Amino acid sequence: MPPAKEITLTIDDQKVTVPAGTTIFDAARINGIPIPTLCHQQNETPVGVCRVCVVDVGARVYTAACIREAENNMVVKTSSDKVTAARKTLVELLMSDHPSPCAREQQSGDCELETLAKSYGVATSRFSKRLTPSHPKDESSLSIMVDHSACILCDRCIRGCSEIRHNFVIARQGKGYAAAISFDTDMPMGSSSCVSCGECMVSCPTGALTNKKVLGQKLEQGATLTGISVEAQELLELPVFKGVSGTFLELNKGAVVKRMYRKGEVICREGDYGSTAFYLVEGTVDIFISTPRAHVDTEGSQEGFLSKLASKLKPRKEHQREEENTARKFIYIDAPVDLEYDHPVAKLHAGDLFGEMTCMNFYPRSATVVAAEDVVCLEMLRNVLDVLQKNKTFRAKLDANYRSRALETHLKSVPVFASLTQDFIDHLRDRVELQRFAPGQVICRQGDPADSFYLVRIGFIKVSEDHPGGELVLSYLARGNYFGEIGLLSDEGRRTATCTALDHVEVVKIHREDFREMVGRFPQVRASLEAVARERIEENRSRMHNLQSVPVDDFLKQGLMDAQSLLVLDLDRCTRCDQCVKACADAHDGITRLIRDGLRFENYLVATSCRQCRDPLCMVGCPVGSIRRRNSLEVIIEDWCVGCGLCANNCPYGNINLHEFPAPAGSTGVKATVKKATSCNLCYDHPEPSCVYACPHDAAHRINPPDFFGQMLGGKNVEAVPYSMAPGMMDRR
Amino acid sequence: MLIDQTHRQWLWGSVIGLAVGLAIYIPYAHFTIGGARGGTTLGIFYGIVGFGFMVFAGLLSLRKRFPVWRMGRTSTWMRGHLWLGLISYPIIFFHSGFSFGKGRLTWWMMFIFTIVIISGIFGAILQHYLPKVMTKQVPYETIYAEIPVIRGQLLDEADVKVAEVTGVSMSSSAVTSAAEETGGVIVTLVQMEEDVRNELTRFYDKELRPFLEQPGGKGCEIADRSFSVAKFANLRTLLPDEIHPVIADLESIYEEKRQLDQQIVLHRLLHGWLFIHAPLSLALLVMGAIHAVIALTY
Amino acid sequence: MARKRTAKSLGQRHDFHYFQRWGKWRLLRAVLMTAIPAIAILWLAGYAVRRNAEPYSSGPLSSVHSFTGKRCDTCHAPALKTGFINVGFRKHVSDQACLSCHQAPVHQALQTFTPTCSSCHTEHVGSQHLRQTADESCVQCHGDLKVKSGSPHYQTAIYNFDAKHPEFAPLRGDARDSGTIKLNHAVHMRAGLLGPNSQAVQMQCQDCHRTPAEQNQPWKYGQARLVEATLHSSDPHNPAMPPEPQRPGTGRAYMAAPTYASACQSCHALQFDSHFEESVPHDKPEVVHAFIVGRLSEYIKQHPEAVNQPSRPMRIMFGGTISREPQIVKTAHNAEEWIQLRTADAENLLWHKTCQQCHSLKYRQADQNGLAGLPEVTPANIKPVWLPNSVFSHYAHVSIDCKSCHTRTLSSQETADVLVPSITTCQQCHNGEPTSSGQAQNGCFLCHQYHNWKQRTEPFTPTHNLQELRGASGSSSQSGVDSPLGTTAIGFHFLRSGSQHR
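Protein chains in written order, with my numbering: chain D, 1038 to 1770; chain P, 40 to 337; chain A, 663 to 1164.
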């Protein structure tokens, strides 16, 4: 192209000479003549949608200066009375729909529209407001607030996202009054493919897209030491931050800080709530769970005659982790490694990221992290982690990390795969796919052809069946669980249940061919899988049967149908003597698992004690997977519970509670007590539930609601007879 | 506790045991020179059997202290306590040759024993009938030991409700923290007329709150159910419709507190007799042991 | 906003440690459970501290033993000594204990076993006579009587007074009174009996029969015996007997044998000669003979002319020998002969009629002078106690008329009639426990004695001293006396008075 030739034009009686192709706006700008704009941003392609920059060029209509190229000998008037009047009306019209003062005006007082309006003296518009905005406020994104009513459809965000950032998330949609910006296919911003780079927010002239100031805490102040705020420049040097928007990092300055720990300092403690993730820059840390308490408290282990006698009387089966299909060997935590049950200590190295679940879903910390040597790490908030996770470089690294370190443990920790040989695992390692799912996304649907086997790496999954009567939740799966084997093992090869992600889930997907190969080469694996599959099918069937045999009426109101085992106290026999409570406390180290208060059903008090629900809401969200079901009935909380209290909150009946226990000997940490969750476990380590056994009047019963209340609901009165004499009563399966 | 057909075996066992004891006693008493008395061989045998039953009955409280240990179900021990304890009384009469105790110690022992048996039977009757009564009369029943706490909670709840509505705070901190929990306000009476607001405040201050505060509700007119029904109905006519949900809540709180008072009375009845039965029976066992040792020695 | 009542809100409003808390009721219960047994223990300990074992007494002591009230070990000495604990193993009080104060002479030498003292004598039942044993104590042997050797002399199956008690021995079989005084009760008791001075009299039982205590009272047909003379004697060889204490029944149990002087004298005079009004003394024949001779001697001295008066013809006496020889009126020649003749006459009258009326006389052969020797009077053989193996007191029955029990008296004509009432008479009242109205006690103990008091040893040596019995500390039994109790270690410390082993 030949060098642009120069042209001369007159702007406001001033002669300016500019290269050909320059817009009027630029020409005026170069020569120090300001023209107000709204939709024009210098780093973006001008679109001329707002018309605030109109100037008089002597033509029939005024022309937008930002987009019109200057021509030779043009006479431009930028601020004649008519032009000014036109601009003023334009601004006033825009102000009529503006939620003045908008978020930006409130936050930083520099909403461009309102500033312009003020300068024109039309801060309050004559015109009436639009009745309803096109879209409600969108607060789904964690870092950016979308207020569609403040949006003037200036197109800046769209251009910023597409032209500058090349993310192509934002676009226009709709017509007329329904026109608005949209993210992907009109999804909420937080659910879209938006990476929270902040470019749109930065581009927006009004308060339509504002910084949410995500987590009010100032990361600079840590628990034990202050963080050093990091310059964006420094961050960008780290390989994981490659490709992350520098502007974004600038804007979110407080959201990531550098911390330095000396050897032995505690970085985070298990059970604490938090909202940040940690990335190790250099150094090694120990990650562990404070020694799990044994189930059985041997108080005073003298082996004297009396204690032997006493232990004969005490009916506990000590130290038995018995007859279950899955013996837990690993504790799954929120880190790239899993901890062994017997020796729950591991190390993390530079380049590891831990605390993802806490940061993303606000789950409590699943383990304690202590610096093994002098350590430098980055603590970051959700928005930064989000960016990282969507960053391809970071994902690749995470992926590789997982495959090399955790996948093997993870595979081996699934008991059915225990017999896999090392070379097969190596073979699998690179062939598995790590897939992410957003909350609510369906991973596989009932009836779909089965093509993969899944291991849950992180997050929670709901497994449910569709029935004519509705959806029946079969179970909840957490890290370490697996699903999809039934479909692959059976001949039709169809999914038997729907698996939905409850929160941000990541699964390890093993493809059909690999699965077949695994199962073919290792018959033991096949046998165990088939056993599990059979059991699951049988359970589901019996559940369905139970459901159908009982009329469901206001029995449902108390949620009693969901219970598999209720503790009921026959109030016509109960003398309110508290023996059951004392027995429960006696059998459980002084903390009772039952409370003699609750709602009544007929003349029975439904005591506040775990109901072993079919749909165990308590299990959703446990960061260390310590609350689980034994053999499809008893819900137990294992030793390594970190006391976060999520299960207690989730239980709708208040059957789980947190209590302080003395910290076991040898545990680190300054606290003398640890908090753990407790709930009724049907005294599975005793021959019979202690409360039932200890009631002097045979008033306490553990019953199966359909069997017990079936007759009652059918109209006949069931006489309260003690458990020993009535058929159909179950104190514990 | 229900003394129902599950006790049948124990009942028949006791009757048979007593009949056997009587069958042995009659010829024994007839043929013993000097009459049947504690010092004869059979007399001592009866004494040991009777005391053995009494000791077993007394051990029930010890059994309850180790509820988880497998030493026989507590309900079995309970039944044993009732029936063996009951027949120990006639067996001790067999032991003494139907004398009420001619020595000082033995007389006092029989006297205390009689009180223990009577209080025990009385208690058994209460424990048979009262649970049903409680179940029917006190649907809002809660744990007895926690009633003061619950009462306090009810009081706070009522305070908060009234404070929200009248804009007048009854008590300080409990109200503000509870207000956050209970959430929103329907409508404030601030907008209503002054005297209407005063009506509610006066009612609450003078009548309802003193009742809620006081365990037992002594001296409060509103403690009477029928009076309260009238009172609340009256309040409903006086106050506007928007306030009626609050009044309904207050009435529900009142009812709960009133039932808790009733529960206290019934619970004390259900368990109060134990204050006589238990200490006296322990004293009886102690005296019995001393009596046995001394009598066998001499 | 309606109040929500959910399971969760109900369950979580509670403190999870409520049942472990100490509320006021739990505290009260703990206090009572400690205090009341403690009171019981303290109450007993209080007695122990004062060394008073009264609470453990199984009943009130009889009044005769209550002086030992503080010293239970007076009777309750332990039988065994095991280690340092003294254990008395449920034995009744040992016989040694009773024998330390009482004598218990053996009942029968041939009895098969000797029951223990306490098997018959029950203490600790309050104020009743310790003598009052149950019939079963006796029946345990006498119900089926066996002896060590030979066969029993007594009835072998006696159960109680009502059933199977044999008839009283005097009335069994051929029962005869072996008394030799001829008495016809029917004659004496009939109406229109001629009394002294030929007046008609109606005799009463008590005119002849009285208890020893009543002997002093005036007799209707006799004279009071002088018993006071034996009192206040200063003879060292015959020390005076202290008078019996004045109790209502003293000396009134049995009837004294009637004597001539008190009962017969007024009607049955012993005149011997027409010259004299007076009777001969009721004494031995020798005395009577001497009296007659004396009197006659005196008379002939004073009336020497009487020698010549002819004697009356001899009467024919009932009984006695009737002489076939023609009666010769004998005249005395001198005083001695007169005395002889008259004496013979008088003695003839007396020995063959007067004395013969009541007594049985044994005559001796006539000597060479034709004078009969003095007869021998058979001893009267009046049995004072008819039932020697039992005790009976007339005084206990003083309100009953003699004839209503001694029913056969009025019709008795022979001395040999046994007039002791039959057992059936006694059984009319003594047929049960006095607790039922209309019944009198009939325990064996009431009449019979188990212990053979004839075997009693005299004198009895007391073994206890007063201070020891009253519980004072530091004293021991009298020295020199080896009491069966003193040497054994005695029972619980609190039961004895701080003392030492011997």
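These are calculated hints, taken from the structure and not from any lab test. A few of these clues could be false.
[What the hints assert, rightly or not] Using 25 Å as the maximum straight-line C-alpha spacing, the simulated DSS-like pairs for lysine-lysine come out as follows: (1) Lys686(A) <-> Lys257(P); (2) Lys1015(A) <-> Lys175(P); (3) Lys666(A) <-> Lys270(P); (4) Lys1712(D) <-> Lys946(A); (5) Lys946(A) <-> Lys1015(A); (6) Lys1499(D) <-> Lys670(A); (7) Lys175(P) <-> Lys946(A); (8) Lys103(P) <-> Lys946(A).
[What the hints assert, rightly or not] The following residues of chain A were derived to be distant from chain P, with all beta-carbon distances above 12 Å: (9) Gln802; (10) His965; (11) Gln1075.
It should be emphasised that the depicted structure is a prediction, and the values quoted were computed from it without experimental measurement. Quick reminder that beta carbons are idealized off the backbone N, C-alpha and C, glycines included.
Problem set entry | Non-conforming hints, listed in increasing numerical order | 2, 4, 7, 8 and 9
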